[in-house]
Amino acid sequence: MISARPAPRRPGAQPAARSPFVLLIVLLLAGGLFGLLLLNSAVVKDSFKLDDLQKQTKQLTDEEQALQQDVDEYSAPDELDKRARELGMVPGGNPAFLSPDGKVKGSPDVATAEPLPEPSETPTPSASTQVSPSAPVSPSVSAIPSASLSGSPATSPSVTPLGTTP
Amino acid sequence: MSSNVPPRRRPPQRPAPRRRPARPVTPAGGATLRLGKPRPRLRLVSLALTLVMLTFVVRLLQVQAVDASAYATKAEANRYLTATLAAERGTITDRDGVDLANTVDAYDILADPMLFTAAETDADDAPQQAAELLAPIVNGDEKTIAKQLANYPASRNEIIAKQQSPQVWNQIKDLQSALADKAAKGDGANVLLGIFRQAHSKRVYPNGDLAAGVIGFVNSEGKGSGGLEQQFNTELAGKDGTITYAQSGGRRIPTAGVREKAAEPGATVELTLNRDIQWAAQQAITEQVQESDADRGYVIVQDTQTGEILAMANAPGYDPNDLSKAYSSALGNAALTDAYEPGSVSKLMSMAAVLDTGAATAATHVTVPGTLPRADRVFHDDVDHGTWHLTLNGVLAKSSNIGTILAAEQLGKTQKQANSVLYSYLSKFGIGQHTGLGFPGETAGILAKPQDWNASQQYTIPFGQGLSLNALQATSVYSTIANGGVRIEPTLVRGTTGADGRFVPTATPEQTRVVSEQTATTLSRMLESVVGDEQGTGIKARIAGYRVAGKTGTANRVDPETGLYSGYTASFMGFAPADKPRVTVSCVIQNPTRGSYFGGQICGPVFKKVMEFALKSLQVPPTGTKAPSLPVEWNPSKS
Numbered sequence: 001m002i003s004a005r006p007a008p009r010r011p012g013a014q015p016a017a018r019s020p021f022v023l024l025i026v027l028l029l030a031g032g033l034f035g036l037l038l039l040n041s042a043v044v045k046d047s048f049k050l051d052d053l054q055k056q057t058k059q060l061t062d063e064e065q066a067l068q069q070d071v072d073e074y075s076a077p078d079e080l081d082k083r084a085r086e087l088g089m090v091p092g093g094n095p096a097f098l099s100p101d102g103k104v105k106g107s108p109d110v111a112t113a114e115p116l117p118e119p120s121e122t123p124t125p126s127a128s129t130q131v132s133p134s135a136p137v138s139p140s141v142s143a144i145p146s147a148s149l150s151g152s153p154a155t156s157p158s159v160t161p162l163g164t165t166p
Numbered sequence: 001m002s003s004n005v006p007p008r009r010r011p012p013q014r015p016a017p018r019r020r021p022a023r024p025v026t027p028a029g030g031a032t033l034r035l036g037k038p039r040p041r042l043r044l045v046s047l048a049l050t051l052v053m054l055t056f057v058v059r060l061l062q063v064q065a066v067d068a069s070a071y072a073t074k075a076e077a078n079r080y081l082t083a084t085l086a087a088e089r090g091t092i093t094d095r096d097g098v099d100l101a102n103t104v105d106a107y108d109i110l111a112d113p114m115l116f117t118a119a120e121t122d123a124d125d126a127p128q129q130a131a132e133l134l135a136p137i138v139n140g141d142e143k144t145i146a147k148q149l150a151n152y153p154a155s156r157n158e159i160i161a162k163q164q165s166p167q168v169w170n171q172i173k174d175l176q177s178a179l180a181d182k183a184a185k186g187d188g189a190n191v192l193l194g195i196f197r198q199a200h201s202k203r204v205y206p207n208g209d210l211a212a213g214v215i216g217f218v219n220s221e222g223k224g225s226g227g228l229e230q231q232f233n234t235e236l237a238g239k240d241g242t243i244t245y246a247q248s249g250g251r252r253i254p255t256a257g258v259r260e261k262a263a264e265p266g267a268t269v270e271l272t273l274n275r276d277i278q279w280a281a282q283q284a285i286t287e288q289v290q291e292s293d294a295d296r297g298y299v300i301v302q303d304t305q306t307g308e309i310l311a312m313a314n315a316p317g318y319d320p321n322d323l324s325k326a327y328s329s330a331l332g333n334a335a336l337t338d339a340y341e342p343g344s345v346s347k348l349m350s351m352a353a354v355l356d357t358g359a360a361t362a363a364t365h366v367t368v369p370g371t372l373p374r375a376d377r378v379f380h381d382d383v384d385h386g387t388w389h390l391t392l393n394g395v396l397a398k399s400s401n402i403g404t405i406l407a408a409e410q411l412g413k414t415q416k417q418a419n420s421v422l423y424s425y426l427s428k429f430g431i432g433q434h435t436g437l438g439f440p441g442e443t444a445g446i447l448a449k450p451q452d453w454n455a456s457q458q459y460t461i462p463f464g465q466g467l468s469l470n471a472l473q474a475t476s477v478y479s480t481i482a483n484g485g486v487r488i489e490p491t492l493v494r495g496t497t498g499a500d501g502r503f504v505p506t507a508t509p510e511q512t513r514v515v516s517e518q519t520a521t522t523l524s525r526m527l528e529s530v531v532g533d534e535q536g537t538g539i540k541a542r543i544a545g546y547r548v549a550g551k552t553g554t555a556n557r558v559d560p561e562t563g564l565y566s567g568y569t570a571s572f573m574g575f576a577p578a579d580k581p582r583v584t585v586s587c588v589i590q591n592p593t594r595g596s597y598f599g600g601q602i603c604g605p606v607f608k609k610v611m612e613f614a615l616k617s618l619q620v621p622p623t624g625t626k627a628p629s630l631p632v633e634w635n636p637s638k639s
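Respectively, the protein sequence lines represent chains A and B.
Following the working numbering, the numbering of the first sequence begins with 1 at its first residue and continues without gaps.
Following the working numbering, the numbering of the second sequence begins with 1 at its first residue and continues without gaps.
Hints may be right or wrong, so weigh each one.
[Claimed, not checked] Here are the simulated BS3-like pairs of lysine-lysine, each with C-alpha atoms no more than 25 Å apart in a straight line:
1) A:55 - B:162
2) B:173 - A:49
3) B:202 - B:223
4) B:202 - B:261
5) A:58 - B:261
6) B:239 - B:202
7) B:626 - B:580
8) B:626 - A:105
9) B:428 - B:413
10) B:325 - A:82
11) B:173 - B:202
12) B:580 - A:105
13) A:58 - B:173
14) B:173 - A:55
15) B:239 - A:58
16) B:202 - A:58
17) A:105 - B:616
Derived from the structure by calculation, the hints contain no laboratory data.
With the rest of the complex left out, here is chain B (with noise of 0.2 Å):
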């Protein structure tokens, strides 16, 4: 301004200066310098000054003010980001703490097509000397990967691998630097230049197909699709984070307000299966599917006195590691969602009605003919005999057909009666009804009510055909006779520990009093016959030193695929030390087509095993009693 405006200074020896006339231009200086007059300048220098202000102020409330927080929120937008942070997912652990299923951090590797062609690499073959250095490291195909690489330009990101280790990707990392080392002395291209990775966490089952039926997978999300996996999906996901921060040009601005809600991990799911009598029981059964070319089998160890799953195992099974190589038939949990008929196991539970309501006793006297009209048919045993004079005990063990029908009829005056007593007993045993696991996919079976049973089913029924169940259910059946007639319902899951770290059992489970003490212990008695008896049918069970009672089973089953009868369900089921009861074993195979089709042949054996295991490895001596022997048969001139 002061280039403008005059000199400040009057000369002093001027007086009041007048207006001034045209300016006199002096060509030596020191002349009058005459100036015009300030006041209407200053005037208009201050309005001018003034209006700027104005139009700042103004322009600032609208800024601040009026249109503040649209100009906050564009501001924002800009400057905050928001990221998720993606919740672990919960790991599932047996009984004793040992990981059954955990999630490791994993990468996918990428690859970017533009970058290996000739022109950015400057190397004709980039794809190719890519591809080899890659394929060692990544376990993949060379010839496959050289063509992801080199599909340019119909693609610009191709997956060379899924979920590898970081330590892969290091591998690669350090080739990359190595590679661009050598560029960098002009020796050679970088040919890995375009290879990225992407977090992708991968689920892991140390233990492969270690109970892979019951712990389920996950499927290419991470999300639980099979098995407790599912079941257990919203426990063990957590819950996603988010961070907000302030950034600026990617980086984040170190004073500027963090907004950060922390990711809950997922909670840590313990299961009540022992992982070594699992193997046990694994190891057993697909043993004896493929000796006896069978279509499938499992075997369930129960606790009898928790009712908690000790083992529960399939065959054929599955690696939740690689569910690429899985059968899809296999994929399942099959000991809970198949129902099959149970056939002679289930003779069990018509003599604990037979015992329970008095109609007979272990002893009474049954006149066995060789066969029995009834409805409209004649039944047999399964070896034709002439009349049998066999006790009630002797009946089970000797599993007789035309005995167990003898025996149910005595169930009520009216067959109506008998069929309807026979039907509480079934229902209470949990027969037809969900074994409250709340497992996806696990079948109720199928129990009709009595009124709807038809003419043969009210005799085919008590020797276990005409209804179905799944294989918990059965062995849910022999736990509740060993455990005095009290039936606890079966419980695969211990209970939860969430992020904040509290344990959470699960909810005791429900029990109900099946059959009195008496009864129960008279069948047991009757059910160490069965193995112990020489006459018994499941001798291959037995256990040198221990009392063990249980039952054979082998029933015509029911194809699933054309609904008709063809082939066999072998079982066995039974409990040990008979007379202390610690744990139940069940084992089931449909469809043996090799060598014995019979309970006792092909499924005690594989009782044994998986009894002998878990005796040994929960540490239960025998009790060192001797088994009562109960007689089998009676004799006809003596009475």
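Bound conformation, chain A alone (with noise of 0.2 Å):
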């Protein structure tokens, strides 16, 4: 800058025309900025987006699980037993099956609100079982004297049992 006047021109030469490449760098600058702002404001943009998603899946997330929940407390087995009941069904009793040429598997019987005391086949003593160690076999329990239980550790609660019951 320091040199002084222009050379003289050579015969022919134009001189340069300063306009265009001043326009094209003051174009490629704009054009720069402002795709950087559309860049920046699309990457805003989709972060916003991001955010909305993310919110919405939790939020649908948070409400499978809530009805999942619901769906779980009234499926499960207590409770539809509860309801069962509510609707007047009770518990069948004998399983029995129907197969597909009629016959009928198993003995089915009635189902009744409140199961049947005990199966019907139960056994009357016979003459025959004098002393049955089995309980059940006689209706009465109390005919059966704890007393008799002699070898039974629990009136003597010393080291080995001594016998116990069936």
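Hints in hand, dock the two standalone chains.
Here it is as structure tokens:
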């Protein structure tokens, strides 16, 4: 810049047009700036969208979990049992199966609200079983005096048990 | 620079300048302008510039090359944030994939008492007002919450409620914003400003106390600390991930690199349990334990063909969703952790030994005297009787201790030999060994070596006293007979499904032959006599239309506190259909104190209920065959 005035031009040489170059630079700069701006706003927009979607996912997950818990609660066996009883249903008794040919397997009987006291075929004590160890045979449990458990350590809490009951 | 530097152009009219003299000031401007020599100045300036440049270069080198890494770390420490991505704990399901334990999002509701002071809220009774609003939402106590909120300056962080659902937090948030709106209009104060939340995921057991003993529970940090939650904690917990991202002012910088190691969710553990059968078992045992006012009881249902445990129920149980209400004594899985003396149900093993060694057959005549002196004592049956003429089948059906002692004596030429033969069979049935489940706290029971059996023990062990086992070991004995004499190690877990979605089945359980198929069939028929014969002890377990095999037991119980015999252990174990077994059901009730204490009386009905339910659930039709009735007695006059 310290140099003196321009050297005399060679004949035929046009003076370099400055304005297109400046325009180009200005355009490039402006374009770059604008592009950056666009990119930035796009990124910000996306991040907002991401945020929204994440929030939505979270909300839906929460909702799904809450509904799943409701479903689980309703389908828990305890709850089903309660509601079936409210509808007047009772547990079925003996399992019985109906085969395709119409034959019935098992011995079905009527299910009652209160389960029948005991199977009907409870045997009556026969004469041959004078002293049966099995309490169930005799309807009167009291018929078996606990004193008969002579070997039972309940009466003598010593070292080794002497006897078991059926 | 241009301002210091003299004008650039020399006046054209002037010749080459000389060293100029003192500059004459011309009043009117147009006169001569004398300039200093530019050369030295230029040199000076360029030297200065060079120095500056050099400094820059040196500094640049230092920053970018020499100390680069140190600065980079410093920058990164501020710019990059690493956060943990919590892995979701795996689910525990039953054999049909129904969730028995899962994890849901939840929040702890926290409060900063400082934000409830009069100065912060413009209200004198902010804690009280806030408590009134919060208590119904979080289901808490108003007074307690008010006290917590007023606890300033003692505390800056109070936990109002733990692990509340997102819905609860939403309610609080709505309330907060409503109050904030009102406060903005100058109408009242926002008394909920100081309420915050903190994520704290929650383990949920949708079926409440169902199979709680088996599943176990997690502690407050979400780590399994009981049952299968503990045993499979590593698999269930998964692996926490990390995320590292560049941030500025707390915001993520979008274009900067993100390093994310995704969390690996925990595996899904699939159990062999069937939820419905489990429920039926639990229901039945809970009722009976209450009715008998017993200490506890357990029911185990096992698939005889695969060894899979279909149900394992304890009573009393507990709700793992709310451990604060559970009794500590009920927290375990007593069916596996209790060792007890089995009593008569153990006679099956003695009979198996007697039959398998060929020492006797089911029809062998046994003359059972009323009392039997052995070692230093006299053994009795549970009822006084004269001499009984029973077959070996009758000994089991009527559960005669004396008959069992006599039969077991036939196992060897000497008592010592008989002892070691019995011991080998007991071991083969799995007594005194862990079942292979690996369940936390599981007991192996106690079975002394035959040389260590004391004088009376060698006579009591055949009928099930003087040795101890857990309920699963006993159940497994019956399953072994049901499975034709082949013992299959019980299993409780079918497999796990990892994060990759692949199902990894549990290793095939070990199978060992304990007794011959012939022996097993005979034993099965004998067990049918127990239930089917009029003189049997287990008639309460009959199921109309089915052939049921089973055995009652009423043992003297060792009080775990005193170590002395006190009370009884009632039990019933069996399987059905007897000629084509599918399931084994066992019921044990410890220390029944009200009503009957006989195994056949109180466990028989439980067995029946559970077995009926299991047969229906598994759709097992009756075989339709008739049970061959083996003789129970023999007539001494005929032989």
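Checked hints:
The hinted pair formed by residue 55 of chain A and residue 162 of chain B meets the criterion: a straight-line CA distance of about 23 Å does not exceed 25 Å. Between residue 173 of chain B and residue 49 of chain A the alpha-carbon distance is near 22 Å, which keeps this suggested pair within the 25 Å criterion. Straight-line distance between C-alpha atoms of residue 202 of chain B and residue 223 of chain B comes to about 11 Å, which keeps the hinted pair within the 25 Å bound. Taking the CA atoms of residue 202 of chain B and residue 261 of chain B, the gap is near 24 Å; set against the 25 Å cutoff, the hint holds.
A hinted pair counts as satisfied when its Cα atoms are at most 25 Å apart, and residue 58 of chain A with residue 261 of chain B qualifies at roughly 20 Å. A C-alpha spacing of about 17 Å is found between residue 239 of chain B and residue 202 of chain B, which places the hinted pair at or below 25 Å, so the restraint holds. Simply put, residue 626 of chain B and residue 580 of chain B have alpha-carbon atoms about 12 Å apart, close enough for the 25 Å limit, and the pair holds. With a C-alpha separation of about 13 Å, the suggested pair residue 626 of chain B and residue 105 of chain A falls inside the 25 Å cut-off, and the hint holds.
The hinted pair formed by residue 428 of chain B and residue 413 of chain B meets the criterion: a straight-line CA distance of about 21 Å does not exceed 25 Å. Taken as a hint, the residue 325 of chain B and residue 82 of chain A pair is honoured in the structure, with Cα atoms around 23 Å apart against an allowance of 25 Å. Taken as a hint, the residue 173 of chain B and residue 202 of chain B pair is honoured in the structure, with Cα atoms around 20 Å apart against an allowance of 25 Å. Annotation: proposed proximity of residue 580 of chain B to residue 105 of chain A holds, straight-line Cα distance about 15 Å (limit 25 Å).
For the proposed pair residue 58 of chain A and residue 173 of chain B, the alpha carbon gap of about 15 Å is at most 25 Å, so the pair holds. The suggested pairing of residue 173 of chain B with residue 55 of chain A holds, with an alpha-carbon distance near 15 Å, which does not exceed 25 Å. With a C-alpha separation of about 21 Å, the suggested pairing of residue 239 of chain B with residue 58 of chain A holds against the 25 Å cut-off. Our distance criterion of 25 Å between C-alpha atoms is met by residue 202 of chain B and residue 58 of chain A, whose separation comes to about 16 Å.
At roughly 12 Å between alpha-carbon atoms, residue 105 of chain A and residue 616 of chain B fall within 25 Å of each other, so this suggested pair holds.
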